[in-house]
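Put chain B with the ligands on the given structure of chain A with help from the hints.
Which chain is which? The protein sequence lines are A and B, in order. Position 190 of the first sequence, counting from 1, maps to 190 under this note's numbering, and the rest follow consecutively. Position 266 of the second sequence, counting from 1, maps to 266 under this note's numbering, and the rest follow consecutively.
Keep in mind that the hints were calculated from the coordinates and are not lab data. Every residue, glycine too, gets a C-beta built ideally from N, C-alpha and C. Since no wrong hints were added, every one of them can be taken at face value.
For the chain B half of the interface with chain A, some residues (derived, Cβ under 7 angstroms), not all of them:
id	residue
1	Glu183
2	Leu184
3	Gly187
4	Ala190
5	Leu191
6	Gly192
7	Gly193
8	Thr194
9	Glu197
10	Ala206
BS3-like mimics (lysine-lysine), calculated; alpha carbons at most 25 angstroms apart, straight line:
id	chain 1	residue 1	chain 2	residue 2
11	A	Lys108	B	Lys295
12	A	Lys145	A	Lys192
13	A	Lys108	B	Lys195
14	A	Lys102	A	Lys192
15	A	Lys247	A	Lys30
16	B	Lys116	B	Lys195
17	A	Lys102	B	Lys195
18	A	Lys108	A	Lys145
19	A	Lys192	A	Lys40
20	B	Lys195	A	Lys119
21	A	Lys108	A	Lys119
22	A	Lys145	A	Lys119
The primary structure of each chain is shown beneath.
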Amino acid sequence: MSTIRVTAGGDAALETRDVSVFYGSNEAIKTVSFEIPRNKVVALIGPSGCGKSTLLRVFNRMNDLVPTARVTGEVLFQGEDLYADHVDPVEVRRRIGMVFQKPNPFPKSIYDNVAFGPKINGTGGDIDAIVEQSLQQAALWDEVKDRLSASALELSGGQQQRLCIARALAVTPEILLMDEPASALDPIATAKIEELIHQLVADYTIVIVTHNMQQAARVSDYTAYLYLGELIEYDDTNTIFTAPTEKHTEDYVTGRFG
Amino acid sequence: MSSSVLGAVSSRTARERLVRAVVTAAGGVSILTTIGIVVVLVWESIGFFRRVSPVEFLTGTEWTPLFQPQHFGVLPLLAGSVLVAVIAALIAIPLGLGSAIYLSEYAPRQLRAVIKPTLEVLAGIPTVVYGYFALTFITPVLRHIIPGLGIFNALAAGIVVGVMVLPMIASLSEDAMFAVPRELRQGGYALGGTKFEVATRVVTPAALSGIVASFILAISRAIGETMAVVLAAGMTPNLTFDPRESIQTMTAYIVQVSLGDTPFGSIEYQSIFAVGLLLFMVTLAMNIFGRWFLKRYREEYA
Ligand SMILES: Nc1ncnc2c1ncn2[C@@H]1O[C@H](COP(=O)(O)OP(=O)(O)OP(=O)(O)O)[C@@H](O)[C@H]1O
Ligand SMILES: [Mg+2]
Chain A
1 MSTIRVTAGG
11 DAALETRDVS
21 VFYGSNEAIK
31 TVSFEIPRNK
41 VVALIGPSGC
51 GKSTLLRVFN
61 RMNDLVPTAR
71 VTGEVLFQGE
81 DLYADHVDPV
91 EVRRRIGMVF
101 QKPNPFPKSI
111 YDNVAFGPKI
121 NGTGGDIDAI
131 VEQSLQQAAL
141 WDEVKDRLSA
151 SALELSGGQQ
161 QRLCIARALA
171 VTPEILLMDE
181 PASALDPIAT
191 AKIEELIHQL
201 VADYTIVIVT
211 HNMQQAARVS
221 DYTAYLYLGE
231 LIEYDDTNTI
241 FTAPTEKHTE
251 DYVTGRFG
Chain B
1 MSSSVLGAVS
11 SRTARERLVR
21 AVVTAAGGVS
31 ILTTIGIVVV
41 LVWESIGFFR
51 RVSPVEFLTG
61 TEWTPLFQPQ
71 HFGVLPLLAG
81 SVLVAVIAAL
91 IAIPLGLGSA
101 IYLSEYAPRQ
111 LRAVIKPTLE
121 VLAGIPTVVY
131 GYFALTFITP
141 VLRHIIPGLG
151 IFNALAAGIV
161 VGVMVLPMIA
171 SLSEDAMFAV
181 PRELRQGGYA
191 LGGTKFEVAT
201 RVVTPAALSG
211 IVASFILAIS
221 RAIGETMAVV
231 LAAGMTPNLT
241 FDPRESIQTM
251 TAYIVQVSLG
261 DTPFGSIEYQ
271 SIFAVGLLLF
281 MVTLAMNIFG
291 RWFLKRYREE
301 YA
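Isolated chain A (complex conformation):
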């Protein structure tokens, strides 16, 4: 299958070529080929169990941690296959960050959460400055600057999620993967995360999984619709929501099923 492109220049941050993912013998992603353009927000949508999270984890090799999972095909990142033999998954994850559905701050101080990545990666430089800058970027600095040594678990759910975003930004990734980052949050906290995504896309490429159609429409530039592990349609978000080519896509985005 040829790669589905949404840009003319081919300036892709990521490109998958015939990527399949198997859990044992169950094929959860079926020969998906598409590109993620640089400095854009791409939304992955589709009914529960269609493989959105699995596809997202392909991009930072988190599936390596699932003993039964096997990935075939190629994922090009800056011209290099992330799944080539010589590639170190640890380095991949440093360059391609991830934020999870449920906020998962470490049971450490706010400061130590953000400093964790820079410290283990030996980034060097001024850790205090990195912490401040990352919290600024995640729009959390003003709320926590007076209590950096307090436990991260004292924060509200929305603050914890922004802390997790700050923590991911602190290792200066090029791409940010977000798996339903706002699904556990209330509308106000959700609005803050969406606002944040708008700001971050100037510096990062973002891939976001969401169940919320309005959210996909609001935050993303491009939308990929997955069904039973297949990439049914991939296009401008606007096109997907107003004039999709596939009947299946239309039924899903208009809420007729799923």
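Below, chain B with the ligands alone, put in the same frame as chain A:
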């Protein structure tokens, strides 16, 4: 109809009351026993301290209650117990924590399923067996390495007690680490952590309260250990921190007097209660320190 429903409720209430009475009684017995032990310890110790001043007891450097002239300086016994416990901790803590990290983070599930119950079996071996293991294996090996080492020495005792408490540290620490939520590990990996970094900087701190609790239990047990220490270290009260020497621990002294024909009410008889009281205080202090440490450093997950 409605009266039978009410009747059922009241018979359940009666059963609730009975259950509560039984568990309260069970709890009461264990509390009363503890209080009883402390009262006896304190009572007999008071008798002892009427004859020997607490200052002499706590600062004296000679312990010769069974010979003339009698000296009741407990420091040699205290030093003996501490020496054995320190050697044991130096062996058991790193190895136990290492095993726990291996089992929880690295070992294949099937291997873990075999090793975990094995550790629990090891923890159940009678300690006198460990004592013979020290005498017949550890000491000969040590004597080969260290020329002039006596049959009875603190080093062999410390090593064997370390081996003895190691499974306990490994098993309890592993429980704590295994219970750390998967999401935290994933968070660590997603930031570019290696397996080792995630194990040592995410999982271990998150499991710290359980890990420290296992250390404290293990050290308390090392201080309280008797048979293995008597067999390996001997019964020579000796104020030294040289592990090659034969020593006597607090527990070993208590056994020595208990097994002898010391008359009831004599000063030698009372001395074992004073030593027992000290042992109790040392263990209590360890537990208090442990609680303080946890409050200060714990990283608790939600
Ligand atoms: N660790 C795993 N082991 C085995 N099968 C898995 C595993 N994770 C996911 N799967 C299977 O792969 C398929 C896709 O799952 P995935 O979690 O990627 O779906 P999803 O689109 O993210 O769903 P949701 O919207 O509910 O989060 C499902 O059939 C699921 O059962
Ligand atoms: Mg999912």
